[in-house]
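A.B. asks: Going down the list, the sequences are from chains A and B.
For the first sequence, our numbering gives the first residue as 1, with consecutive numbering after it.
For the second sequence, our numbering gives the first residue as 405, with consecutive numbering after it.
Simulated from the structure, these hints should not be mistaken for laboratory data.
Treat the hints with caution; some may be incorrect.
Label-pair distances were calculated between CB atoms; the ranges are [said to hold, decoys possible]:
1) B/Arg436 <-> A/Thr52: 47 to 57 Å
2) A/Glu289 <-> B/Arg412: 44 to 54 Å
3) A/Gly72 <-> B/Glu575: 22 to 32 Å
4) B/Asn469 <-> A/Ala392: 21 to 31 Å
5) B/Arg412 <-> A/Thr394: 46 to 56 Å
6) B/Arg499 <-> A/Gln387: 12 to 22 Å
A short list of chain A residues far from chain B (calculated; beta carbon distances all over 12 Å) [stated by the list, open to error]:
7) Ser43
8) Thr372
9) Gln387
Glycine residues also receive a C-beta, built at the ideal position from the N, C-alpha and C atoms.
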Amino acid sequence: MTYRGNEPDNPGTGRPMIPSGHLDDWAESIVDFLDGTAEPNISAAIEAHLATCPDCVVRLADQRSTASYLRGLPSVDAPEGLEDRILGELLFPSKVIHLPEPQESRWPTLWHRRLRAWVPAAAAVAAVLVGVVAFGLISSAGGDKDMTVSAPSSTVAAAPAAAMETASAPLEDPEGDTAFVGAAGGIDQPTTTAGAVGTETTTTTAVAVAGDAVTDRRAMVDALKSSAGPLFLTFRPTPTEPGEEGAGERPGPDGTDGTDPDTGRMITSASDRWIEEALNQLREFTQLEPLPAAFSEGDLVFAAYLNHDHVSAFVDLLRSIAASIRLDLMLQTEPDQDGGPSAARISEGASEVPLLLSRVLPQPSVNRYTFTTSTLPPAERSSTDFQLPHEAGTHVLTVLFIRR
Amino acid sequence: MAVTLNVRDPDTFLVRRALDGEGEAITELYRRHERRAYNLALRTVGNPWDAADVAQEAFIKAFRNLQSFKGESLFSTWLHRIVVNAAYDHLRRQRPEPMEGEILDDICGPSGTAQIVGSSRGAIDPATDGLSDPLREALLSLNEGFRFAVVLCDLLGFPYAEAAEILGVQEGTIKSRIFRAREALAAALREAGYESSCLRNPDDEEGVTPPSANEDEA
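Sequences are here, hints too, so could you generate the full structure?
C.D. replies: And the structure:
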């Protein structure tokens, strides 16, 4: 396929059929002339013309300065996380759901349309997530995690399906607000959209993804951006096959579960090297340290206020860390069974939670952004108008568990 | 092995390893070309989000169809042709009507600059991630054929021969389009308040028009 520039002139040479007597007669040769690569006789002809035509002198100057301007423009960085998304899909195609690819050539368009279908649905999902959190459903009690996925599934649709299940829990709660019915009703929207596009997909129960957990990057970013939190992220080692490379670094059945008496934190043994690595990377790239015993109740857990504008960068950073140590990262709206006490402590002590600030690293660097932390000034905290960052709507209270 | 080793192609060995399924080769091949491919998408479709989608679509299509690359061109040429196709498809999808380039004629008169053939996209996207807005709008005001040519060569530094191969036209056509694109861009940029220092023509009464839509600038 050729891309037409809609020239009315000779398609071969680009020269006008009717000579104008000006620069246009030379068209492509002007480009060579400016590059200094034009044939000597053509250069001479152009120069002869310029000597008598001030208009063309100006036009040539425009050419030269525009070319110089354009050539001098630096190229732009590819967005944060694009590489992870693309390489992730190329190297580790989604394991959860397998889509039969009807025709190879339609795949990119289908996928693109699915992403597009998903985007408006994200608002409905976020509304439910916010609703769930706002009504204080932090306890995991009553969460039935074995619900089957009835919607047509794809990696993308798993999230609205998951949100449906999250919304179902409050519906079963006799004290649940009837407003949830409306919110859950809105969730039908993404399923229908995804269904309309993905009729050729097979429905497979999502085995690797828990009933209410989100592992899709876009869904994670949307959820964090539109919520005040608390939202709960978990790092967990990717289950490995026996004999698979790196299996030896995973905590095996002999991993100690001792607790450090000082911090109440779990002691990391030799087989838990990956935990040390995760801690190191988190410390290096975010300056975050695990919460002290008073908050953590024995968990390895971090908490921070994350600015909505930095959500993508933070999610990509976590995914990058996860990829480098072979961890899975998931997002949930409530802590898992073990995390309930920590979550409660964190909510109680929310004014002690640090703020994450982002900082752009100079080139070249693998990670474009890094984060530093700052604590909320104590003076502010005692003020009566003081709003916690997530209450102010600018941040999301983010909790990160590291689990074996 | 379907691909022949091309000694003139710096990517040739990586391509062969990538075809063998070697993850590191795929990664390295991707990283070598990500920036240029993304910038190609960005400057032709006009905004970072669509550009990311286009780039993603193109890379995945390219790597999933790597076996169809026969080594007849440079890998870079082949890859960027896929990016151009994806960008072009994207632009096509956005147009409700046939491309104006097919309806209007482009007139280049002796007295002045080429007439800019407007695109049907009138809406300005306010958030452009800090890119130079006047340039972005100026590029988007170009007919696609001109836009791709000037972006490939002047912005991304592709040699004319390679750009011609990417777009499937002759080298002369590429240069001719670049010539006209530059003129159109110069006019558009001037209108947006950019001055070419060589334009200080005492006979020019226009002066500098204040930048109009620059509250979009991040």
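A.B. asks: Please go over all the hints and tell whether each is borne out by the structure.
C.D. replies: Hint by hint, here is what the structure shows:
For the pair B/Arg436 and A/Thr52, the beta carbons lie near 49 Å from each other, so the given range of 47 to 57 Å is met. Roughly 53 Å separates the CB atoms of A/Glu289 and B/Arg412, a value that falls within the hinted 44 to 54 Å. A hinted range of 22 to 32 Å holds for the C-beta pair A/Gly72 and B/Glu575, which are about 24 Å apart. Our hint of 21 to 31 Å for B/Asn469 and A/Ala392 is violated, since their Cβ atoms are close to 49 Å apart.
B/Arg412 and A/Thr394 have their C-beta atoms about 54 Å apart, which keeps the hinted 46 to 56 Å range intact. At about 46 Å, the CB distance of B/Arg499 to A/Gln387 disagrees with the hint of 12 to 22 Å. The claim that A/Ser43 is not at the interface with chain B holds, since no C-beta of that chain comes within 12 Å of its own (minimum 15 Å). For A/Thr372, the condition that its CB be more than 12 Å from all CB atoms of chain B holds, with the nearest at approximately 22 Å.
Non-interface status of A/Gln387 relative to chain B is upheld: no Cβ of that chain comes within 12 Å, the nearest being about 27 Å off.
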